[in-house]
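Colleague: My request is simple: use the sequences and hints to build the entire structure.
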Amino acid sequence: MKTQRALLLLLLTGLCIDGYKPVIIVHGIFDGPKELKTLSFFIKKVHPGTEVTVIDLYNYMQSLMPLWTQVRGFSRAIESITRQAPDGVHLLCFSQGGLICRAFLSTTPDHKVHTFISLSSPQAGQYGDTEYLKRIFPNRLKESVFHLCYNKIGQKISICDYWKDPHHTSSYLRSSSFLAMLDGDRSHKNLGVWRENFLRIKRLVLIGGPDDGVITPWQSSHFGFYDNSENVVEMRNQDFYRNDTFGLKTLDCSRGRVPVSSLWSQTCSLALKLYSVPKLHGEMAHIKTDHTLSMHDTCFYPITRLFLKVSQSWNTNSGFIYVT
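When you line the sequence shown up against mature numbering (1 follows the signal peptide of the UniProt record, and there is no 0), it's residues -19 to -1, 1 to 305, in that order.
No lab work stands behind these hints, which were simulated from the structure alone.
Once the Cα atoms are required to be at most 16 Å apart in a straight line, the calculated EDC-like pairs of lysine to aspartate or glutamate come out as:
(1) 230 / 215
(2) 2 / 32
(3) 123 / 211
(4) 2 / 60
(5) 183 / 91
(6) 230 / 220
(7) 183 / 68
(8) 18 / 32
(9) 183 / 233
(10) 15 / 37
(11) 230 / 177
(12) 123 / 112
(13) 2 / 68
(14) 93 / 60
(15) 93 / 177
(16) 18 / 37
(17) 123 / 110
(18) 93 / 68
Modeller: This is the structure:
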């Protein structure tokens, strides 16, 4: 129960940094709006009057549809909300939804997203034998999935759009019509425009932790990934970061890192770094279904209030929050 509250707290602190803008939540693979009602409830509880929308699209098995198809649908839904929000919105996107949101930000000129919170999302790709993989390809191990994914048919399944086999990089680059395009690993005519669009956000919050339970490697949630020996190369040593192909380095360096973790210990003894949550996807599953969590238990309530107070003095252009 404590880890569930800690996780909720981490999500809300990302939103508390800058006022009461509307919050848009995008679900992950095999999920729908119903699973995120508790999260929506807590945001409204801590931010009375905040408009929170969990988008009702591509739910459950439909979440396996091609990601570009989903991006188009979610983009229309998000833009219909942002048209009514002249001061901008926050995007909170879970798992596969984090990639959908990132694609929306990259492909949408003049979007009004202030803060993009990517929660346990395979931003640098996915390569692991997990429960989710077995649900989609029950008779396959990670070593053989590239046979199914790296072709025109495979690219019509959402997980294949970000399946990144480090032992078959050339096949990935030839076949990937989604993640390789977003990262700029495949050159295309829109890359410069996409970078400009992505850099419209004021903040990027990356949340992930060891033993995530699904995202493999877990560092993918922080834009780290395997090399061809399956050693993890952290974000700042990735080619897309060094070359700044989609603006990640600009967000990190030009606008600075915000040391969120230094504030937590001032209010609460509970370890609130994400690595204290042993099974991040599992804890999110509990949050989705547990409506008995109390906002006032442990340090949940006072620390969110602290962030509301601190936010008034922070530079709204501090762009990068790296939560480990």
